[in-house]
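Trainee: Okay, here's what each chain looks like letter by letter:
Protein chains: 2
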Amino acid sequence: MYGKCNHPADSSSSCKRLGFLQKNNSLEERSRIVTSFKERAAKNLQLSCDNVGGEARFRRTETDFSNLFARGRSRPCSSCSRSPLTDPPRCWTSTTPTSSSRAWRASTWSSPTSPSPWSRSWWTVRTKEGFLLLSSHLLLLFLFCFAFGSRFTYEIAPVFVLMEQLTLKKMREIVGWPEGEGDGIFSPGGAISNMYSVMIARYKYFPEVKTKGMAAAPRLVLFTSEHSHYSIKKASAALGFGTENLILLKTDERGRVIPADLEAKVIEAKQKGYVPMFVNATAGTTVYGAFDPINEIADICEKYNMWLHVDGAWGGGLLMSRKHRHKLNGVERANSVTWNPHKMMGVPLQCSAILVRERGLLQGCNSMCAGYLFQQDKQYDVAYDTGDKAIQCGRHVDIFKFWLMWKAKGTVGFEQHIDKCLDLSAYLYNKIKNREGYEMVFNGEPQHTNVCFWYLPPSLRGLPDGEERRERLHKVAPKIKAMMMESGTTMVGYQPQGEKVNFFRMVISNPAATRSDIDFLIEEIERFGNDL
Amino acid sequence: MYGKCNHPADSSSSCKRLGFLQKNNSLEERSRIVTSFKERAAKNLQLSCDNVGGEARFRRTETDFSNLFARGRSRPCSSCSRSPLTDPPRCWTSTTPTSSSRAWRASTWSSPTSPSPWSRSWWTVRTKEGFLLLSSHLLLLFLFCFAFGSRFTYEIAPVFVLMEQLTLKKMREIVGWPEGEGDGIFSPGGAISNMYSVMIARYKYFPEVKTKGMAAAPRLVLFTSEHSHYSIKKASAALGFGTENLILLKTDERGRVIPADLEAKVIEAKQKGYVPMFVNATAGTTVYGAFDPINEIADICEKYNMWLHVDGAWGGGLLMSRKHRHKLNGVERANSVTWNPHKMMGVPLQCSAILVRERGLLQGCNSMCAGYLFQQDKQYDVAYDTGDKAIQCGRHVDIFKFWLMWKAKGTVGFEQHIDKCLDLSAYLYNKIKNREGYEMVFNGEPQHTNVCFWYLPPSLRGLPDGEERRERLHKVAPKIKAMMMESGTTMVGYQPQGEKVNFFRMVISNPAATRSDIDFLIEEIERFGNDL
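Residue numbers (our numbering), protein chains in the order written: chain A, 1 to 532; chain B, 1 to 532.
Hints were generated in silico from the structure; no laboratory data involved. Any given hint could be a false lead.
Copies of the same chain are indistinguishable here, so a pair counts whether it falls within one copy or spans any two.
[Unchecked claim] Think about it this way: if two alpha-carbon atoms lie no more than 25 Å apart in a straight line, the pair counts; the simulated DSS-like pairs of lysine-lysine are: (1) Lys212 - Lys270; (2) Lys420 - Lys272; (3) Lys420 - Lys407; (4) Lys265 - Lys212; (5) Lys170 - Lys272; (6) Lys212 - Lys431; (7) Lys303 - Lys265; (8) Lys212 - Lys250; (9) Lys420 - Lys323; (10) Lys475 - Lys431; (11) Lys303 - Lys500; (12) Lys212 - Lys407; (13) Lys212 - Lys479; (14) Lys323 - Lys433; (15) Lys212 - Lys500; (16) Lys475 - Lys265; (17) Lys500 - Lys475.
For clarity, every value in this text was computed on a predicted model and none was experimentally measured.
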């Protein structure tokens, strides 16, 4: 339908539309242009903005910020800066999802492993399709993403819908699902992504809960590690399972789930008449950075017909590293995966994806088919209206910053980022594992960048193991942290875990950190802690 | 504890710390400064950055963007641009929540009704407390907000925690709760805010559901208007109630709930043995912009001991207008209120607040007391660690942009914004109500800015009311919209509603729109629709 203008090489006729329509254009001029639009529409229905050849389009800039904001939350066209009418705005260009999508697939991921040639395209994000997505300035790109935030239908945010779709596919490919098949959505954080996974699992096994409520299901039980993130517990409370029906699994000394404990607890639950439905395996626990053995857990899930979710909010980023991705071996057997680029990959918060292996579940689980938003008689393929998959309505644009980073760094850039952080944490581990005054919380090199350790001030080093030592050691980390915060030089977190008294947890996710920063941290701990 | 340095007038001694610590400072220099920090700490534990007098601080600028990003997601101090260590960063200044909070209360809302004197403070957001929150450039403020996004504990985002707390209090005051008492949180959109309201209501009446699941409660039913937003339905599905237990209430011709229908359905549900628990009253429905009669609904809620939620996602903004806030009369009787500044008030998406009248419920409902985040032995009042109230963990900073806008426009600015939009919609209504070829979907001036109408091409005007006319009229709006999208001149949404075939719904939320924009819209509709 829009064939002619959509081809990037098509530099024909209607360049006039790329001229700026200034705010102070006379009404006559505006009217003339509008008439011209209409005549073209009547002739061939082939209208889009991106049909000048060469590099001309890259020189167009948007400099009037007030306009940018005033236009509302939908996509403006850089060819027009007329005064806004409403939200959505008066100024438009149009393409169909399918043709856009095809071009995107080619242009966006043509060289996914290495950084894109930003010298040419960094300042201007374009689709080779019917629209320019501004701009001449990095700050504007961020502002754009910041200011224009709603995604639930293709027509409101076509570029972002396509970006999300293609990026999710890429992520599913990296997870290891054939051809990147499946489904997914960006959500406002890992906790919500994990909540999605429980909802989807419930819909898969007991779809009638959607209409009839939990009363329609037997007593369902969920399983997760005692070291897992509290969001699984929050989900079990919120979704009506109840936290008592979330069964905590024992872990080994390193914080990894013991598969035999899972199987024993599944059998026990079944004997009680409960229905084991969902298992969360954590890839990168919050405190120890442990990776649960996904393959062994997947065996048990298959045996007992349970949903396997992998919470890779923290550890998912390691999938980008050829050196470290083996820690997630088996992730391709998961039914759903949480992966937060806003954690290990350094994308600014919020940017979290829930990936689902089976298509249709996300839609089936959440859709309510609100007629006022998701009309079925639209003039394009409404499968691109992704909003009804979400528990939200409008969604913040989280994809754009991630997509930009991916284009800028390439997959190889993320790999280097991650490898560097893990190298640094190994450096820290090796530096303190035999150093006087330090004790590691668990043995062996950490799987992730979490280095967990106690610092013992000299006054505690001679004490025998016992209650007094424990009590005094419990207070060391909070005191040092408070002094750090007061002095303003550094900060490192601490917490207890199970029987273990307060210990430091140093987590490295910033690749700009250096070995001398690590050295400095250790100096500071000793400086503050020496006299405690 | 930090008294000396916290007072803005205290321009004593330690100005040295405001000198830039450049990346290329020598190690010796760094060490010297750190030692100096520590000595001060040992002497009096009075350390903060904001202790130079006069306007000197306003001239300090941050120009190295790469630094700004490299520092991670925690708050940097403008006095230091050293290389980052980790997330959280090395560079800190510290205050206690209570003292900060006090100063904020005074400084932030000292003149809430009128715009702040930005000439002095626009470019630099400061707290009169121990930290500067940059910056010399509006874009940086946005970037800052965009890039540093995590809020779950005070220590990670003290300024944003306080901003959120005080802004929520202000919103509760405007709702009409005495002294702004109550609770609340910013969430990723109105759908999630509405979901919170259902969760909190359930926790209030059946707290045991949190641990035991929905099996612990009787069959609970919820009520909402047949015109309400679909998020209430999504919440009833997600939270385990089941959509069948959400009972839809009849509305009058204008789309407002008929209170007698609510009471009849409550009685009917009780007769069946169900437990009516929750009523949603919509303040500004999505399609008609109708305001349910809150006072009459509140009477019924009190009589039958049900939770009253007001979904003011769309209409909440009218509370800022002395002329229009009467449409929400009774809102102060609600147990909870959803209010999205990102809709009618023009704050960029996402910015949605759930306000709760009773303190403690939000925390009780959602807290899981994760020891690794919410340690109780921190050196400050952990009541400021708001994260455990949320179903999320880290949260995007949604408050900053809203706070900035409020400071810039003042309450009076929002009032003008809203009054102008409503004036414009009244202009549109008056223009078309008797115009040839137009039919209004409901009679009388719209309550909100939603103007709902049919356009009848000349070929339909002579047709008698009947199936043929309905069928043809149903196709008019989609066709005109498609032509608008193709021509790129304007766009206006349409939908059916109940028995009513597709009609246009013009919604105005952008105060930059003008009467001539409205005129243009009408021209365009007629231009495209004339020959259909």
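Trainee: Is it within, between, both or neither when you check Lys170 against Lys272 at 25 Å Cα-Cα?
Mentor: Neither: 42 Å inside a chain and 51 Å across chains, both beyond 25 Å.
Trainee: Should Lys303 paired with Lys265 be assigned to within, between, both, or neither, using CA atoms and 25 Å as the limit?
Mentor: within (14 Å within a copy, 47 Å between copies)
Trainee: Please work out whether the CA atoms of Lys303 and Lys500 approach to 25 Å or closer within one copy, between two copies, in both situations, or in neither?
Mentor: Classified as neither: same-chain Cα gap 35 Å, cross-chain 52 Å, threshold 25 Å.
Trainee: With identical chains, the pair Lys212 and Lys479 could be close in the same copy or across copies; at 25 Å between alpha carbons, which is it: within, between, both, or neither?
Mentor: neither (52 Å within a copy, 38 Å between copies)
Trainee: For Lys212 and Lys407, with the copy left unspecified, which applies at a CA distance of at most 25 Å: within, between, both, or neither?
Mentor: Classified as neither; 45 Å inside a copy, 47 Å across copies.
Trainee: Reference check for the pair Lys323 and Lys433, CA-CA at most 25 Å: within, between, both, or neither?
Mentor: Classified as within; 23 Å inside a copy, 69 Å across copies.
Trainee: When no copy is named, should Lys500 and Lys475 be tagged within, between, both, or neither for a Cα gap of at most 25 Å?
Mentor: within (12 Å within a copy, 68 Å between copies)
Trainee: At most 25 Å between alpha carbons: which applies to Lys475 and Lys431, within, between, both or neither?
Mentor: Result: close within a single copy only, 24 Å intra versus 72 Å inter.
Trainee: One pair to classify: Lys212 and Lys500, alpha carbons no more than 25 Å apart. Within, between, both, or neither?
Mentor: Classified as neither: same-chain Cα gap 44 Å, cross-chain 29 Å, threshold 25 Å.
Trainee: Cα distance capped at 25 Å. Does Lys420 pair with Lys272 within a copy, between copies, both, or neither?
Mentor: neither (48 Å within a copy, 64 Å between copies)
Trainee: Cα distance capped at 25 Å. Does Lys420 pair with Lys407 within a copy, between copies, both, or neither?
Mentor: Cα proximity of Lys420 and Lys407: one copy only (20 Å, versus 42 Å across).
Trainee: Checking Lys420 and Lys323: alpha-carbon separation at most 25 Å within a copy, between copies, both or neither?
Mentor: Result: close within a single copy only, 11 Å intra versus 59 Å inter.
Violated hints, listed in ascending order, are 2, 5, 6, 11, 12, 13, 15, 16; each of the other numbered hints is respected by the structure.
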